[in-house]
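Trainee: Protein chains in written order, with my numbering: chain A, 504 to 823; chain B, 504 to 823; chain C, 504 to 823; chain D, 504 to 823; chain E, 504 to 823; chain F, 504 to 823.
Calculated from the structure, these hints are not laboratory results.
No copy labels: a pair is met if it fits in one copy or bridges any two.
Below are the DSBU-like pairs computed for lysine-lysine, each with C-alpha atoms no more than 35 angstroms apart in a straight line:
(1) Lys660 x Lys592
(2) Lys555 x Lys600
(3) Lys600 x Lys564
(4) Lys529 x Lys600
There are 6 protein chains.
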Amino acid sequence: MTMNRLPRIRDLQAGSAGYGFFLCAKKETRSGKNGEYLALVLQDVSGEVGAKVFQDVDALKQEFDAGEFVKVQGRGNSFNQRLELIVDKIRRVMPDKDAVDGFREEECIQCAPRPIGDMWAELTGRVDAITDPHIRALVDRLLVQHEERLRIWPAAKEVHHAYRGGLLEHILKISEIALYLADAYGAKRDVVFAGVLLHDIGKLRELTYDITTGYSVEGNLVGHIVIGVGLLRDAVRDLPGFPPDMLLELEHLILSHHGAREMGSPVLPMTMEAFILAASDDLDAKIHQVRRAFAEDDSDGAFTSYHKRLGRVLYKPSGS
Amino acid sequence: MTMNRLPRIRDLQAGSAGYGFFLCAKKETRSGKNGEYLALVLQDVSGEVGAKVFQDVDALKQEFDAGEFVKVQGRGNSFNQRLELIVDKIRRVMPDKDAVDGFREEECIQCAPRPIGDMWAELTGRVDAITDPHIRALVDRLLVQHEERLRIWPAAKEVHHAYRGGLLEHILKISEIALYLADAYGAKRDVVFAGVLLHDIGKLRELTYDITTGYSVEGNLVGHIVIGVGLLRDAVRDLPGFPPDMLLELEHLILSHHGAREMGSPVLPMTMEAFILAASDDLDAKIHQVRRAFAEDDSDGAFTSYHKRLGRVLYKPSGS
Amino acid sequence: MTMNRLPRIRDLQAGSAGYGFFLCAKKETRSGKNGEYLALVLQDVSGEVGAKVFQDVDALKQEFDAGEFVKVQGRGNSFNQRLELIVDKIRRVMPDKDAVDGFREEECIQCAPRPIGDMWAELTGRVDAITDPHIRALVDRLLVQHEERLRIWPAAKEVHHAYRGGLLEHILKISEIALYLADAYGAKRDVVFAGVLLHDIGKLRELTYDITTGYSVEGNLVGHIVIGVGLLRDAVRDLPGFPPDMLLELEHLILSHHGAREMGSPVLPMTMEAFILAASDDLDAKIHQVRRAFAEDDSDGAFTSYHKRLGRVLYKPSGS
Amino acid sequence: MTMNRLPRIRDLQAGSAGYGFFLCAKKETRSGKNGEYLALVLQDVSGEVGAKVFQDVDALKQEFDAGEFVKVQGRGNSFNQRLELIVDKIRRVMPDKDAVDGFREEECIQCAPRPIGDMWAELTGRVDAITDPHIRALVDRLLVQHEERLRIWPAAKEVHHAYRGGLLEHILKISEIALYLADAYGAKRDVVFAGVLLHDIGKLRELTYDITTGYSVEGNLVGHIVIGVGLLRDAVRDLPGFPPDMLLELEHLILSHHGAREMGSPVLPMTMEAFILAASDDLDAKIHQVRRAFAEDDSDGAFTSYHKRLGRVLYKPSGS
Amino acid sequence: MTMNRLPRIRDLQAGSAGYGFFLCAKKETRSGKNGEYLALVLQDVSGEVGAKVFQDVDALKQEFDAGEFVKVQGRGNSFNQRLELIVDKIRRVMPDKDAVDGFREEECIQCAPRPIGDMWAELTGRVDAITDPHIRALVDRLLVQHEERLRIWPAAKEVHHAYRGGLLEHILKISEIALYLADAYGAKRDVVFAGVLLHDIGKLRELTYDITTGYSVEGNLVGHIVIGVGLLRDAVRDLPGFPPDMLLELEHLILSHHGAREMGSPVLPMTMEAFILAASDDLDAKIHQVRRAFAEDDSDGAFTSYHKRLGRVLYKPSGS
Amino acid sequence: MTMNRLPRIRDLQAGSAGYGFFLCAKKETRSGKNGEYLALVLQDVSGEVGAKVFQDVDALKQEFDAGEFVKVQGRGNSFNQRLELIVDKIRRVMPDKDAVDGFREEECIQCAPRPIGDMWAELTGRVDAITDPHIRALVDRLLVQHEERLRIWPAAKEVHHAYRGGLLEHILKISEIALYLADAYGAKRDVVFAGVLLHDIGKLRELTYDITTGYSVEGNLVGHIVIGVGLLRDAVRDLPGFPPDMLLELEHLILSHHGAREMGSPVLPMTMEAFILAASDDLDAKIHQVRRAFAEDDSDGAFTSYHKRLGRVLYKPSGS
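Between the sequences and the hints, there should be enough to build the whole structure, so can you do that?
Mentor: Printed below as a string of structure tokens:
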């Protein structure tokens with residue numbers, strides 16, 4: 504193998520050549536001009552890229568699977584205006600051995616841009632600012648119960664914040680916005696903050712996450728909104744004296760945060776705090792999609808290609 | 504006072520005169536040709552009727568309120584093709600004293616057509632037919648916890664089965680249908696029956712019911728679908744060994760039973776049992792509205808007047 | 504040719520080899536690694552499978568067409584987790600000659616699971632139970648006029664019951680359900696049964712069916728709902744004394760059975776019988792799609808893949 | 504009684520006084536400052552007006568009914584910016600006797616602005632221009648069968664052309680437009696004309712019309728679109744040799760003329776002729792509503808009051 | 504007349520008596536038990552109240568009109584749980600004479616809660632913080648051109664901020680929010696601020712405002728969104744060197760600020776700034792409606808009455 | 504190269520061979536049985552055709568681009584029932600040299616069927632018929648300002664009239680229809696004609712057109728409706744004395760011509776002229792799509808293939 508290390512995926516170019524470690528996110532057999540080949544999608548912390556394997560295809564069919572880390576030797580290629588990776592050699596990673604050559608599992612996984620430690624520190628800082636003792640007790644309890652997952656969970660399978668730490672990143676961004684709006688409109692800060700923390704907490708059980716993201720049985724049958732209400736009630740059960748009306752207000756925040764029945768909220772926002780939470784969540788999800796569309800777009804014109812979920816093209820900021 | 508007893512409201516005629524006991528469901532002050540009068544809505548077990556009080560209006564303003572039982576002396580009158588009751592005397596019921604004259608609280612309240620005891624016996628009979636031990640234990644638990652309300656609760660504030668025992672009547676009718684459909688399509692009988700019992704159980708807390716029906720705070724903020732999931736989880740918590748997947752299936756039945764997100768179901772039916780429950784519930788609610796429209800319609804033509812909720816007129820069966 | 508007979512399509516495996524008789528439902532020319540090949544879809548009574556022909560492609564282009572029965576020699580192959588048939592030899596069936604080797608036209612066509620004779624017997628049994636003489640005369644007339652097609656017609660081109668005998672199967676299943684519901688709600692049994700028989704009768708002219716299914720000119724321009732009303736009126740024209748109001752009620756059942764204008768019903772259900780028919784039809788069509796999705800799904804997880812028409816994934820019953 | 508004759512309703516003023524003949528379209532008993540009074544709606548050929556009777560109310564309750572012609576003595580009055588008629592005397596018309604004083608039934612009924620004889624002559628003139636012999640035979644047959652009703656029927660109960668001769672007026676206006684469009688786009692003139700004549704022909708049985716307009720049983724249960732297809736098929740049955748494909752095209756024109764399923768068309772326009780018919784019908788109905796809104800509006804500003812069915816205000820042409 | 508001055512409308516009680524100055528916002532003649540009476544709606548800076556005049560009704564019909572300031576002598580009365588004002592004397596205000604008794608036009612008009620001078624100062628402060636010279640020049644120009652109206656205009660006829668200074672109040676509140684969001688997401692501050700100032704600027708011509716609010720001809724025919732684009736282009740025409748792309752971005756902000764085509768935006772947000780503006784505007788309008796519903800609600804329960812525009816009841820904060 | 508000239512694309516057959524000049528509208532690299540090949544779409548004035556290049560693929564990748572005129576030597580071929588062109592040689596056109604061999608740029612571009620000179624003459628003829636002096640002055644001004652683009656612009660990128668001169672063709676066809684409708688309903692002819700000319704005038708800046716059609720930045724961010732209002736205001740600015748109300752009416756015509764908010768019109772038609780314009784535009788666009796679907800369809804049956812935008816199949820006129 505060549506001694507060169509390939510650059511990160513975001514920096515890959517047509518001239519790049521060398522070896523690298525990636526997560527193999529998809530693997531398919533296709534027919535091409537020289538017979539069958541493997542069409543892969545490889546990921547690292549910086550993004551993802553299509554790859555093709557034309558050699559030893561039959562042997563490689565069994566050699567590794569989608570969802571595994573792989574060591575790859577290859578070179579960047581430009582095909583129909585898109586960059587791809589032509590793979591010369593590929594095998595499953597051998598963790599101990601490959602660590603010597605620079606394999607780090609966390610560098611092969613798409614991840615929130617801020618370090619998780621930093622984000623967790625910001626979260627606990629915000630918790631310290633809570634003044635209502637019941638909400639403080641509730642939030643403490645939730646963090647104790649769910650810290651492990653809250654630190655790393657993605658916020659979605661595909662739409663937005665769909666990577667390691669994405670849920671925490673989303674919670675923090677909405678916290679910032681929603682607390683500001685709470686002050687601006689005289690809504691209850693602590694209730695809003697608890698709502699932000701709780702609104703997607705059901706995703707800790709709706710989504711499965713172990714390198715790749717999927718839906719659990721409960722996720723499909725029940726959905727994160729109602730799972731979240733259950734997690735809230737479970738936490739409150741351990742908190743004697745928690746005011747029943749406050750519990751209802753918090754359940755209402757979770758249930759109404761999609762803002763409309765056809766978006767999956769069985770009740771509509773009926774409190775100022777609920778209006779603020781729904782607006783903050785919706786805006787953050789949309790802005791995240793807009794930014795990602797800008798980042799992923801490599802066309803020449805002033806507009807991105809058509810964004811199916813948003814139902815429009817987007818105007819690229821000049822200078823970006 | 505005349506010694507005659509007025510007939511039940513459904514049998515009231517223009518010539519009827521005498522005294523009777525009713526629930527005063529509404530009370531308003533209006534302006535008429537001879538000054539202010541009171542416009543009432545009176546109910547008994549057989550139906551409801553508009554009533555007017557033209558005498559002693561000022562005094563009577565304070566004498567009784569909507570939501571109270573009243574003793575009324577008056578006579579039937581036909582006004583613009585509608586039967587009404589002209590009230591000569593009216594006062595709040597004095598329970599002990601008036602019992603002698605025939606006051607029975609239960610006869611003043613709109614009620615399901617079948618006696619509640621009969622309906623409850625049918626329900627427990629259906630419970631005895633359950634073969635799955637976990638579902639049997641769950642249903643037994645629910646009946647112990649909620650018997651008092653399950654016996655008498657209405658199924659809605661207005662739309663359908665909106666009277667004493669209406670929820671139980673609705674549960675039994677859907678049981679009959681849904682179990683037949685379960686057999687017809689090879690779905691799981693016991694799961695379907697549990698779903699029928701559970702689907703509206705949240706209404707025990709969504710609605711307040713004490714002679715008149717309203718919405719609780721939890722009813723508005725959370726809604727009966729998610730309240731119901733909570734009641735199910737509470738019951739299961741006391742049942743060690745209840746299979747987790749079965750719990751999810753039952754939660755799914757409750758959550759999906761409105762059949763569409765815009766109807767308030769946060770998830771869509773994904774199991775045969777869920778399709779059967781949603782179809783049975785929808786049909787029973789609609790047929791109930793159709794029958795009530797037939798019963799309440801007193802026009803001459805072949806069609807009822809326009810039914811706002813159903814968005815159509817209805818064709819009256821000949822001979823009915 | 505090898506002497507082995509291939510198993511039925513549903514039982515085909517990667518190791519299977521031999522000859523078989525099939526209906527060629529689709530035939531396309533594609534480009535592959537060794538030049539052009541033919542991509543086929545083959546059907547028999549048990550299901551359908553993709554097939555590929557790599558040899559003698561140019562000659563075979565003219566040798567047979569989609570819509571014809573073919574004799575095939577080939578072997579099962581697993582490609583990208585899907586089973587396919589690699590065809591070594593293929594030719595048009597010679598009915599007399601191939602009958603010796605086991606060719607039976609009816610075994611090459613997708614068909615309802617119950618034998619058509621059994622289904623027809625059930626239908627005539629249900630007809631014998633009609634008590635209203637006018638409806639009995641009408642139904643007898645319809646069966647005389649349309650028996651040939653009613654026995655074998657599919658219920659749809661694609662959505663549900665899309666195979667030989669599918670319409671009859673659908674009619675019988677709805678009969679069972681709808682008559683039960685009619686009894687449960689005190690609706691008119693004979694009217695409901697006539698509605699069940701009539702509701703899709705227009706499909707006998709909307710669809711063309713001769714091994715494969717398509718739309719007739721009248722089917723596209725007029726649609727089965729209004730064709731059905733015409734067939735009803737034609738039948739009644741031969742029945743002097745048929746009550747005009749009963750005819751209107753039956754027309755209404757056909758016209759309203761899709762339950763909503765946006766589903767193609769020009770009028771909404773206005774009678775109890777119409778509500779029952781629309782609910783039964785809708786449920787049977789959905790359950791059929793659910794079962795077929797279960798049967799066709801071969802993934803590992805607890806859920807089927809996304810079902811476009813139903814707009815959701817489905818939860819696979821454990822043990823199935 | 505004064506000898507003066509009241510002017511027509513459109514010309515009634517606050518100072519008008521005298522007697523007149525009207526159709527009593529509505530009659531209700533209401534409570535007012537001096538006891539009960541009768542609130543009427545009176546119509547003549549020029550429009551309609553509200554009227555009040557304060558005298559002899561009890562006696563007059565039985566004296567005449569809505570739907571009857573009445574002789575009225577009264578005077579114009581302005582109440583809350585609206586003109587009304589204060590009735591001093593009123594009785595049922597005695598046709599023979601009142602004819603002497605000028606009672607003419609046709610002058611008491613709202614009617615299309617053009618004389619019916621003129622309109623019918625225009626229609627037969629258009630029929631003479633048909634060149635296709637089959638369509639000519641069909642149209643002749645339809646006119647023979649339905650002339651009596653076609654001459655006088657309204658086009659709707661409320662929305663547009665809701666008066667005597669309204670359907671004929673609507674047919675003629677659309678003929679003019681749709682034939683022009685047929686020439687402009689090279690569509691088949693005779694087919695378009697037949698479609699115009701046929702598109703609402705079902706209204707001859709959907710609506711009942713005998714001074715006042717209502718819905719027949721068939722109108723509600725089947726609707727004018729499908730009734731119309733039946734009338735077409737009935738007419739064609741008497742025309743041997745009528746081309747089957749032409750019949751389908753004409754059925755398609757009737758069925759698709761509302762242009763969208765949610766508007767009640769079970770199929771969408773699929774021919775140029777169908778697009779032209781649907782567009783012409785829609786425009787004529789809308790323009791008729793616009794003009795009527797202008798005619799009925801008596802406000803000062805530049806816009807009419809909010810038009811519920813059109814969902815907007817309308818800008819009044821200056822000078823009108 | 505009594506010498507007492509009535510309290511402001513918000514503080515009016517059943518026992519209040521005296522004189523006051525109000526804007527008469529509505530005036531209708533109605534029939535009551537003692538003959539005709541006048542039903543008025545009176546407003547002052549603190550709110551509005553229903554009023555009734557039973558004396559000298561005929562004379563008063565001409566004495567003043569809706570839209571005029573009136574001097575009223577009367578007393579608070581509670582009728583059917585609502586407070587009303589029984590008027591003993593009423594006449595048009597004589598400005599000079601009544602000024603002596605305390606008449607101040609501005610105290611009779613509903614007005615934003617903050618003094619307009621304060622709000623204007625905040626606005627000019629925000630303008631001073633603009634750093635982009637083109638946007639600064641544009642904003643300066645707009646303020647010079649429109650200061651007179653911008654200071655006092657309402658933001659709507661009915662929905663939200665529908666009072667003197669309401670538009671300015673709305674602009675300032677969105678400024679605060681949207682600039683915070685711009686910073687949070689790295690959007691362009693100055694562009695966002697210009698968008699906030701411009702988004703409803705068309706309302707200066709869409710609405711007429713002279714004590715009462717209405718729609719101009721241009722307002723109905725063109726609408727404030729497109730009027731606003733015109734005002735922007737007019738302002739830029741005087742600013743040589745204004746970057747064309749920046750003009751397009753600002754036009755886009757105005758055009759897309761309703762966020763969806765069915766809400767009247769001909770284009771959808773395509774820039775981060777546009778997403779932020781649309782979200783801020785929507786939230787501020789909703790919160791304003793929520794607060795007003797809280798302020799106006801005087802029922803006993805935990806929920807307001809049904810809010811038609813928002814399509815829900817609202818949960819009243821405890822303690823408010 | 505062979506001396507034969509290929510026929511126009513519409514007349515190309517499987518046997519055709521020779522050279523020709525085309526616009527290369529698309530160019531992609533694909534993998535085929537003999538390695539990579541180029542898949543092209545070629546256009547001339549009569550239509551477009553798919554083409555494949557199997558020789559010298561690597562060299563040709565750089566030799567020409569989509570959007571350029573090319574000289575092609577090749578032969579017609581029938582592949583899977585579709586005609587395609589197999590290219591033997593291909594190169595960029597050399598305008599001067601190839602003119603000798605018959606290259607005419609205008610013959611390589613899809614174009615309206617009528618010569619542009621004829622259409623322009625018809626337009627100026629219609630202008631001469633204007634009687635209102637203000638509208639005449641406005642239209643003259645618009646023609647002076649925009650003649651160059653108005654003569655050649657397409658009416659859309661894809662949907663309808665998407666070729667050279669398409670906008671002019673569309674304007675003329677609507678003029679014919681809308682003026683007829685104006686007379687039929689007594690609407691203002693000159694206003695209608697101005698509306699027709701103006702309704703899509705914003706497309707002159709919304710679309711970029713230089714052989715191929717695209718969207719400008721302004722087109723995406725602002726849209727042709729609001730661009731059109733700006734062009735109208737610009738023109739009127741030069742016309743002193745233009746009546747302000749007439750300007751508003753014309754702006755309203757542009758803004759409302761899509762007929763519904765969800766179609767991008769920020770206001771709904773409120774004048775008769777606006778109803779007529781919207782109906783004419785909608786019908787012309789639909790008929791154009793219908794005709795094109797007929798022209799492009801080459802299937803055997805009575806119906807075209809499914810038309811996605813219209814959401815239906817279309818019935819092909821017999822004989823066409």
